[in-house]
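Residue strings, one per chain:
Number of protein chains: 2
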Amino acid sequence: MSNPPIFLAIIGLGGVGQAFLEQYEQLRQRLASQPNPTNLALILARRSKTQVLSERYGGLDATKIMQMLDESKKPYLPFDAILEFLQNAPGKVVLVDNTSDLDLAKNYPAVLSKGISVVTPNKKAFSDDIKLWDSIFEAAAKGGSHVFHESTVGAGLPVISTLTELIETGDEVVRIEGVFSGTMSFLFNSFMPVGAEGGKFSAEVKKAKDLGYTEPDPRDDLNGLDVARKLTILARIAGLKVESPTAFPVQSLIPQALESCSSGDEFMQKLPEHDDEMEKLKSDAIKKRKVLRFVGSIDVKSNSVKVGLEQFDASHPIAALKGSDNIINFYTKRYGANPLIVQGAGAGGEVTAMGVTGDLIKVIRLLR
Amino acid sequence: MSNPPIFLAIIGLGGVGQAFLEQYEQLRQRLASQPNPTNLALILARRSKTQVLSERYGGLDATKIMQMLDESKKPYLPFDAILEFLQNAPGKVVLVDNTSDLDLAKNYPAVLSKGISVVTPNKKAFSDDIKLWDSIFEAAAKGGSHVFHESTVGAGLPVISTLTELIETGDEVVRIEGVFSGTMSFLFNSFMPVGAEGGKFSAEVKKAKDLGYTEPDPRDDLNGLDVARKLTILARIAGLKVESPTAFPVQSLIPQALESCSSGDEFMQKLPEHDDEMEKLKSDAIKKRKVLRFVGSIDVKSNSVKVGLEQFDASHPIAALKGSDNIINFYTKRYGANPLIVQGAGAGGEVTAMGVTGDLIKVIRLLR
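Here the protein sequences line up with chains H and W, keeping their order.
The numbering used here puts the last residue of the first sequence at 369; the count rises by one with no breaks.
The numbering used here puts the last residue of the second sequence at 369; the count rises by one with no breaks.
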């Protein structure tokens with residue numbers, strides 16, 4: 002006896018999407034060859050301006066998706082038509098959203114209320130206006146569908162699942178503190194490494210950009226909004242009603258005078274003129290034998306969330322971080338003085354896709 | 002519409018069992034009051050020599066279990082009778098084994114093959130002869146039941162779930178290394194702290210014993226078998242065919258001359274005579290500016306597992322561990338040079354029970 006087939010739709014085929022596609026194909030083969038097999042059928046792949054559909058729901062060959070998308074001549078369908086196509090599938094459907102598209106996320110309530118499950122690393126879906134958050138989870142409850150988003154914080158690291166389990170098993174989360182951005186981690190581990198001097202801030206930003214660790218426009222990292230979005234998600238899971246990622250203090254590392262730069266290039270050109278501001282912060286920290294790190298913290302009891310630079314002792318686990326690693330410390334009643342810590346790479350296509358594939362495996366278990 | 006009720010049987014009501022009972026009652030109330038409620042019914046509580054049953058499967062009051070067990074005058078039933086009682090429950094059943102009883106674990110295949118799921122922190126069940134391991138998972142597949150054992154390694158820390166997800170999503174686990182014993186962690190963090198001198202080994206063992214960090218007989222920690230059992234479990238999940246926890250090198254910290262001590266008290270009395278042996282290891286490490294830690298490691302490629310003392314740089318995360326924390330480093334292909342790290346308290350009634358309750362929540366989701 003085999004389990005009923007499960008139908009998959011993938012939207013977004015950039016770095017994360019393509020890494021996911023590889024992991025998906027491996028998973029599909031493994032599940033199909035088990036003693037009690039489950040068949041997965043990929044019925045839609047969609048990216049900006051083009052898509053391919055398996056019109057009879059037989060399933061597309063995942064290894065040929067990129068080529069099929071390149072060659073597709075079919076007109077680009079509106080999302081309503083896509084939703085109708087998914088609803089008509091002869092079985093349970095999972096939508097895998099590998100974009101960072103807020104407009105797509107606004108369709109999640111409609112998708113979930115129709116019984117279609119969602120797995121995604123799309124931070125914007127869960128960190129925008131709290132009304133969207135509420136309507137997503139209400140729709141999932143109503144539709145009997147599932148929504149998982151492990152990779153919205155710390156990529157494939159077990160951050161959201163760990164926080165959820167602490168809460169569901171009745172622990173009291175007191176504080177969450179950590180480095181939530183691979184870019185900011187790399188930047189400050191280079192700008193102010195423990196026991197070494199480090200470079201000028203603008204030079205480290207340039208290095209991070211050249212190595213591909215920043216967004217194409219580094220201001221999108223330096224404004225702190227990416228970290229603020231992740232904090233919003235964790236705070237909401239911890240039970241705080243955070244209206245939006247701009248509803249709490251977020252320190253931007255963009256010098257005020259450069260906020261009006263018309264391009265990322267202009268910004269990068271002028272950033273060295275402002276190195277003195279960061280050098281001053283660095284020397285203040287050195288005087289106290291501390292290092293600077295860009296962290297986010299959630300204090301559950303006082304209902305406060307904040308993002309910005311903090312000083313840490315050289316012996317603190319946050320100071321000792323390496324490369325572009327993330328670290329997340331959960332301080333809880335049960336764990337006492339020493340936090341539960343999760344640490345490791347928190348960005349990159351493969352580890353982000355791993356979180357998505359892990360979520361997909363959980364949904365498949367629940368659906369079959 | 003409510004979900005079908007799920008029936009629970011608890012065996013073992015020591016420190017972990019009683020902490021679990023509290024978490025269970027909180028979970029029961031939460032699930033019963035949800036918009037789409039699930040009712041949990043506790044139908045059996047059993048400890049050595051006594052048990053209470055809910056004969057009509059209506060459910061026992063968890064808050065009165067300890068009293069009911071103390072007052073119970075009913076004869077102690079053989080396990081076969083218990084299994085028959087569980088099989089006759091009018092719905093799905095989960096057995097929660099909070100003992101460390103190998104004889105009970107040998108019944109898991111019979112339990113699982115009858116469709117009854119198992120959640121447990123019982124290390125012996127998964128680290129004994131590999132034939133028991135195989136028959137447990139074969140029985141679960143045959144019976145369509147679930148078996149979860151997160152708390153067998155690192156208590157409530159997400160160790161087994163993380164390793165499983167790395168593997169299921171197609172990552173290649175290269176090496177696992179860590180401190181897997183709260184007792185050993187405390188002992189070596191005190192015997193050889195970073196940047197301080199520490200005490201004599203026998204004095205630190207005595208301190209750990211007095212604080213309740215060791216087994217009643219500290220030899221049960223110092224022989225390394227507890228760590229060897231945990232390594233056996235992780236290695237098997239990683240795909241290695243480890244026959245038993247004595248099938249690989251395990252360093253015992255019991256001096257050879259004291260192996261024949263007839264009691265733990267005699268051992269503790271004579272241990273100071275052997276402090277020189279540990280002092281020599283300490284001074285060897287100091288010469289290299291390193292510290293000693295009692296670690297376990299699994300090298301997946303070379304199929305080697307070992308447990309014992311290793312030297313670490315003061316800056317290594319394993320050296321910087323505090324209190325009785327565990328740390329587990331997963332080195333994988335996807336994560337590259339910097340491992341995925343999970344760290345925190347790895348022993349204690351509440352955090353161990355948390356892993357069990359977390360597993361129970363997963364099983365409930367799969368059963369309803």
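These aren't lab readings, by the way, just hints derived from the structure by calculation.
Watch out, some of these pointers could steer you wrong.
Copies of one chain are not kept apart here, so a pair can be met inside one copy or by any two copies together.
Pairs of lysine-lysine residues, derived as DSBU-like cross-links and limited to a Cα-Cα distance of at most 30 Å, are as follows [what the hints assert, rightly or not]:
hint	residue 1	residue 2
1	K107	K291
2	K271	K50
3	K334	K65
4	K363	K125
5	K208	K50
6	K288	K50
7	K75	K281
8	K363	K74
9	K323	K291
10	K93	K143
11	K74	K93
12	K363	K93
13	K283	K107
14	K50	K291
15	K208	K143
16	K334	K208
Comparing the hints with the structure gives:
no. : hint         : result
1   : K107 to K291 : neither (43 Å within a copy, 54 Å between copies)
2   : K271 to K50  : neither (36 Å within a copy, 78 Å between copies)
3   : K334 to K65  : between (50 Å within a copy, 25 Å between copies)
4   : K363 to K125 : both (22 Å within a copy, 27 Å between copies)
5   : K208 to K50  : neither (34 Å within a copy, 68 Å between copies)
6   : K288 to K50  : neither (55 Å within a copy, 65 Å between copies)
7   : K75 to K281  : neither (58 Å within a copy, 76 Å between copies)
8   : K363 to K74  : neither (35 Å within a copy, 44 Å between copies)
9   : K323 to K291 : both (16 Å within a copy, 20 Å between copies)
10  : K93 to K143  : both (16 Å within a copy, 25 Å between copies)
11  : K74 to K93   : within (28 Å within a copy, 52 Å between copies)
12  : K363 to K93  : both (14 Å within a copy, 20 Å between copies)
13  : K283 to K107 : neither (42 Å within a copy, 61 Å between copies)
14  : K50 to K291  : neither (50 Å within a copy, 58 Å between copies)
15  : K208 to K143 : neither (48 Å within a copy, 56 Å between copies)
16  : K334 to K208 : between (41 Å within a copy, 25 Å between copies)
The structure fails to meet hints 1, 2, 5, 6, 7, 8, 13, 14, 15 from the earlier list, while all remaining hints are met.
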